[in-house]
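Student: What follows is the residue order along each chain.
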Amino acid sequence: MPFILYAIIDNDQIKGTPANLIHLISEKYKVTLEIISGNTISAFVSKTSSSKVDTSQDNVLKHAALVEVISRSYSILPMRYGSVLTSQEEVLFLLDKNAAAFQHVLGQIYHKEEYSVRVLFSSSHNHEDKRENSDTPEESIPLVLQGNTANKNYLLKKYQNHTIEERRKKYSDDVKNVFTDDIQKLTSCYEVKKPHTAAFLLDAVVLIDSHKKNELIDIVVKMQAMYPQHNVILTGPWPPYSFTNIKTQ
Amino acid sequence: MDDDKIIFYAGSANEIIEELEKIHPDNKSRINATPDNVDSGLAKLVLTLIELIRKLMEKQAMRRIEGNSLTDDQIENLGETLMKLENKMEELKKIFNLKDKDLTLNLGPLGDLL
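For the protein sequence lines, the chains are A and B, in the order given. Residue numbers for the first sequence follow the working numbering, beginning at -13 and rising by one. Residue numbers for the second sequence follow the working numbering, beginning at 260 and rising by one.
Bear in mind the hints are in silico, worked out from the structure with no lab data behind them. Treat the hints loosely; a few may be bogus.
[Claimed, not checked] Derived lysine-lysine pairs resembling DSS-like cross-links, with alpha carbons at most 25 Å apart:
| no. | chain 1 | residue 1 | chain 2 | residue 2 |
| --- | --- | --- | --- | --- |
| 1 | B | 360 | A | 179 |
| 2 | A | 155 | B | 347 |
| 3 | B | 264 | A | 138 |
| 4 | A | 180 | B | 347 |
| 5 | B | 358 | A | 180 |
| 6 | A | 143 | B | 264 |
| 7 | A | 138 | A | 162 |
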């Protein structure tokens, strides 16, 4: 019988069957959660009728929500949706074969929480930004582009877009530097991602000790005060998806 | 996203919902080649790569302009070449019914190519 994997945990954290958690998940998600234990590492799993993964949005969200519930009680390695193994023997093989790697990463995330920090251009600022930059002052136009030919006009337009983009990139780097200077005082585990859309100035994830949440909030509040024209968003805690990448064998 | 996950946010709810919805990966940034649509699947891939090279050429041209290392004739040639290349890309996009937003590849954790 195939098993869906939700999370990996070290055996020291599991003392007996977590009846309350299993009951809660059964009630809320209609999933019968089980624990399969290897020598030092265990996995939260549930039986499934097929090893084929149905990638509907509902299933993905349900999986994420279930992992989230487990992560509220334990320090876990969250497994992404689609982690399905065909038998209990395969689960045990995965646990024992990768025990050292799992334990290493579990040690790094123990009693830590993942948060997301994003800085958005506000909608109004976006419009101002476009208006401010729509024309390049005459004196900053390179000499070679001065003159009124179709080819030069075309290049001038490209050059203006290029300078807007460069200014925006520099500004974004400045915001990123402000954030990283502060966050380094709190943790060395952070990652600044490539923003997914142009509306984001900063898209970062951090892993901090659970008791340092208020210090993180202070950093975010300070950033919002520094950049009142933008919107700073702090979300979490999330299961530590961004800091638990392991190549399993 | 559950409301209880937002710890700090001073902006309007609509703005963040709108932006976060754009993040969800969709199938448009994947090459979806099947026996029935192999032509357009391949065209999307090839045009994406050409668009990447075209944008790199544009970037390099801007660097040369900033460096003031081009003569007037070279500027005229450069402008004409880039303009023709852009027009040709527009034609090809129309032929294969592709929009600007279609010309990208999802590189997983690295984000989109373009």
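Student: Could you grab the alpha-carbon distance between residue 155 (chain A) and residue 347 (chain B) and see if it respects the 25 Å cut-off?
Tutor: violated, 29 Å
Student: Does the alpha-carbon distance linking residue 360 (chain B) and residue 179 (chain A) stay inside the 25 Å limit?
Tutor: Holds, at roughly 21 Å.
Student: CA of residue 180 (chain A) to CA of residue 347 (chain B), is that 25 Å or under?
Tutor: Not OK: residue 180 (chain A) and residue 347 (chain B) at ~30 Å, beyond 25 Å, violated.
Student: Can you confirm whether the C-alpha distance between residue 358 (chain B) and residue 180 (chain A) stays at or below 25 Å?
Tutor: holds, 23 Å
Student: Holds or violated: residue 143 (chain A) with residue 264 (chain B), Cα cutoff 25 Å?
Tutor: Given that 25 Å is the threshold and the Cα spacing comes to 43 Å, the pair is violated.
Student: Between the alpha carbons of residue 138 (chain A) and residue 162 (chain A), is the straight-line distance 25 Å or under?
Tutor: Not satisfied, since the Cα-Cα distance of roughly 35 Å exceeds 25 Å.
Student: Take the C-alpha atoms of residue 264 (chain B) and residue 138 (chain A), compute the straight-line distance between them, and say whether it is at most 25 Å.
Tutor: Violated: residue 264 (chain B) and residue 138 (chain A) sit about 51 Å apart, past 25 Å.
In summary, the numbered hints that this structure violates are 2, 3, 4, 6 and 7.
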